[in-house]
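Following the hints, put chain F in place on chain V, whose structure we already have.
There are 2 protein chains.
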Amino acid sequence: MSGWGKISDIVGPSNVVRDADGMSPYLIDDRKLYEGDAAAVVRPGTTQEVAAVVGVCADLGWPVVPVGGNTGQVGGAVPRGGPGTVVLSTERLNRIHRIDPDEMVAVAGAGVILSDLQQAAAAEGCFYPVSLGSEGTCRVGGNVSTNAGGINVLRYGNTRDQVLGLEVVLPDGRIWNGLRTLRKDNTGYALKHLFIGAEGTLGIVTAAALKLYPQSLAVGTAFAAVQDPAAAVALLRALRAQLGDCITAYELLPRIALEFGIRHIGPIREPFEERFDWHVLVEAGDADATERLEAALAAAAEDGLLLDAVVAQTGAQRADLWKLREIGAGGHQYRAGALIKHDISVPVGRVPEMIARGTAAVHAALPGTHVIAFGHVGDGNLHYNLVQPDGHDPADFRARTAAMNRIIHDLVAELGGSISAEHGIGLLKREELAVYADPVELDLMHRVKSVLDPQGLMNPGKILMDRGTAS
Amino acid sequence: MSGWGKISDIVGPSNVVRDADGMSPYLIDDRKLYEGDAAAVVRPGTTQEVAAVVGVCADLGWPVVPVGGNTGQVGGAVPRGGPGTVVLSTERLNRIHRIDPDEMVAVAGAGVILSDLQQAAAAEGCFYPVSLGSEGTCRVGGNVSTNAGGINVLRYGNTRDQVLGLEVVLPDGRIWNGLRTLRKDNTGYALKHLFIGAEGTLGIVTAAALKLYPQSLAVGTAFAAVQDPAAAVALLRALRAQLGDCITAYELLPRIALEFGIRHIGPIREPFEERFDWHVLVEAGDADATERLEAALAAAAEDGLLLDAVVAQTGAQRADLWKLREIGAGGHQYRAGALIKHDISVPVGRVPEMIARGTAAVHAALPGTHVIAFGHVGDGNLHYNLVQPDGHDPADFRARTAAMNRIIHDLVAELGGSISAEHGIGLLKREELAVYADPVELDLMHRVKSVLDPQGLMNPGKILMDRGTAS
Chain V
1 MSGWGKISDI
11 VGPSNVVRDA
21 DGMSPYLIDD
31 RKLYEGDAAA
41 VVRPGTTQEV
51 AAVVGVCADL
61 GWPVVPVGGN
71 TGQVGGAVPR
81 GGPGTVVLST
91 ERLNRIHRID
101 PDEMVAVAGA
111 GVILSDLQQA
121 AAAEGCFYPV
131 SLGSEGTCRV
141 GGNVSTNAGG
151 INVLRYGNTR
161 DQVLGLEVVL
171 PDGRIWNGLR
181 TLRKDNTGYA
191 LKHLFIGAEG
201 TLGIVTAAAL
211 KLYPQSLAVG
221 TAFAAVQDPA
231 AAVALLRALR
241 AQLGDCITAY
251 ELLPRIALEF
261 GIRHIGPIRE
271 PFEERFDWHV
281 LVEAGDADAT
291 ERLEAALAAA
301 AEDGLLLDAV
311 VAQTGAQRAD
321 LWKLREIGAG
331 GHQYRAGALI
341 KHDISVPVGR
351 VPEMIARGTA
361 AVHAALPGTH
371 VIAFGHVGDG
381 NLHYNLVQPD
391 GHDPADFRAR
401 TAAMNRIIHD
411 LVAELGGSIS
421 AEHGIGLLKR
431 EELAVYADPV
441 ELDLMHRVKS
451 VLDPQGLMNP
461 GKILMDRGTA
471 S
Chain F
1 MSGWGKISDI
11 VGPSNVVRDA
21 DGMSPYLIDD
31 RKLYEGDAAA
41 VVRPGTTQEV
51 AAVVGVCADL
61 GWPVVPVGGN
71 TGQVGGAVPR
81 GGPGTVVLST
91 ERLNRIHRID
101 PDEMVAVAGA
111 GVILSDLQQA
121 AAAEGCFYPV
131 SLGSEGTCRV
141 GGNVSTNAGG
151 INVLRYGNTR
161 DQVLGLEVVL
171 PDGRIWNGLR
181 TLRKDNTGYA
191 LKHLFIGAEG
201 TLGIVTAAAL
211 KLYPQSLAVG
221 TAFAAVQDPA
231 AAVALLRALR
241 AQLGDCITAY
251 ELLPRIALEF
261 GIRHIGPIRE
271 PFEERFDWHV
281 LVEAGDADAT
291 ERLEAALAAA
301 AEDGLLLDAV
311 VAQTGAQRAD
321 LWKLREIGAG
331 GHQYRAGALI
341 KHDISVPVGR
351 VPEMIARGTA
361 AVHAALPGTH
371 VIAFGHVGDG
381 NLHYNLVQPD
391 GHDPADFRAR
401 TAAMNRIIHD
411 LVAELGGSIS
421 AEHGIGLLKR
431 EELAVYADPV
441 ELDLMHRVKS
451 VLDPQGLMNP
461 GKILMDRGTA
471 S
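Note that the protein sequences, when read in sequence, are chains V and F.
Start counting the first sequence at 1; every next residue gets the next number (full-length UniProt numbering).
Start counting the second sequence at 1; every next residue gets the next number (full-length UniProt numbering).
Extracted from the complex, chain V is given alone in its bound form (with noise of 0.2 Å):
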């Protein structure tokens, strides 16, 4: 039988779907910057039909390229095999086996949507902490291939830190059951966080199970404009002081990112009367927590540390000031012409000077430019937008992607932080990678693959460039 014929056989001919149309929306990304070829998408609609396909395909050496929600910014998912390719639909893997709040612990498919997850948790009283502009469409198996991050990771960590355990077909087709629910497990090496935020070229995430969280007591949010860069890292330590660790996020938000926003999609409501260059959305969840941040921000103006605050007092009024946040981080950035991006972290006390520095930089380089960084400032995450300047040839300022590239993550180098701080590598980012890495960890890089995935099947060409071809 041919292995088309054995994939049928496994998964159900209405799962192998191989005609153009229907493949065409596995094989481009999120942000379009990338388009793949593939053999077929296969959907299993368990695990063990996961390992027999990907038995098939060892067998067979065929390439396999694991998707989820496709949502992914980096390209990690476009299937850029080469011939024979099969693209991995999670999808199927939609099943919440069971959410328990006793143990404080989800299990859940690899193709569940993150909100579903998210609601899931609620239903039974307890939180599920990770939360990004994609958790409507993005599945837990991509937030764990990807270590996904967003808005609470200052308080409860990006998904790795979730992850009790794993199950994960290998690239031989054998699963490693990993599923464990345990708070605490020294029995040899952490084989799942080798899996986490690999990107699927080391195996496939099947299920996992997650750690889930008492509801927060209480939630209070708060908008704050603040002098600089420098007096949002002031007003965190203040804060922090006031407040301990109940600080579920603190977000920057330039006056810039608010101005694309009313440029773009119209006028937005503003807390305040004044204009502020810089602002902070800061949450806290906890008993007391409105008056509990009211109080510490009321200290921080007398000490100086900001120039104007409001506290929500209403659960709508805490949706606006989200908002704000969201048009900050606003896809219609692109409407102004061609854009790059940068996701990058540095220690969360370099961030005033990795904001300075690289403003200069790209100004230096092509005047004009609108730098908009903005983001996680919490955890030193800033995404780094360029956007090009007005009137500016959008091609031209495309064909600068490398240029912009090498000024925005050589700072980053010598400011000792990471060229992709959630996102992660995929296609984009593995040339920049073979750059900064430090060749030891490169080699240890290459050294794990190649002993997990000997064939080099698994999603090839992401995170890792080939050994020849890497500077």
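Honestly, the hints are just simulated from the structure, not real lab data.
Where a beta carbon is used, it is the ideal one built from N, C-alpha and C, also for glycine.
Residues from chain F that face chain V, not an exhaustive set, calculated with beta carbons under 7 Å: (1) Glu103; (2) Asn177; (3) Val348; (4) Asp379; (5) Arg447; (6) Val451.
For chain F alone, coordinates are given in the frame of chain V:
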């Protein structure tokens, strides 16, 4: 030049110990279960010296066994490498490189003693949460290499959760500089997690960048009597509903643990007039923690979840309550004769079953055996100690170790638990790991070991058995 000449040149003659008296403290473990043999103890003073020494050993095929405070509970630092084995002590890498209260980061050499790190963090207004019995002796490198747990895991996680970055000397003598301090970094495989908990079998941790936290605004400590372990689990859930996630410790303490303390140490001050069979020590860290804990316990009492409770009102009272916990953990249990220890975890909801069924099975095997199961029940982690029946022959009891392990660990496996929650595998549990670990998981571990340490020179014989001898 001979290998010893080279090593002596690297670290200086006074840091190469080859006489029996000088080496003896390094050749035996804390529990006196194992004795090893080595050609020398070498004490490098810098990472570069560690790398140079390991490089010499790699060239000559000499095994290297790293040791920190030598406080491990599973014989992980006992040299069992055969002729030529070099014990590499990290004790001179004892510099705290920095404590940064803005970044909330500590960077420490592997040889820094845990309590020194705690105190240095506190002096800067920060909190380093890893806390365990041996904290005055154990060292950061050992904490990392064993993924040390302790009393604050419930709220803060174990050592793994604190590690932002590592510096590691690899088995071939190269240095991996992964000493980053970033909260977010998604640039390829998470190599640091390979070395955390690897017990020195993949390389030598020479320094760690660790998370710090805000100090708790206040600490509330209570001691409650409960009907049984099931009530202890129910009370934890009720307290979480009232207190959110600010509970930092939740320790189970049976009557028998206190009775052994009284028998071997003398009278102890107990908080209740009445004698109860089961107790929990609860600690919460938050503003108004004492008042909130009082209110939550009062509500739990009304719901019949506890029999009596006392909340510390002073630091002295708090210390008295922790003293009870210390007595429960007591090394004095050895004074009753032979002792068989287990360090297991199960899902929190299965703790009552683990205690009831394990006790019954042990009593069926040898009536009169004292079962002292206590510890970090909030994490599902029990120290499940078996003390010989009164008047029994200690040698006979010790000879039953394998049989008792089988009883306890079979039950652990049935309940989805771990045979080593926080102590690791070392020499003590490698046969047990070979029995209980999924063969796929063992194969993955062997593959990782083979590619990172192809000569098999790093801490030989720990965690994994030779493939030929594994059952």
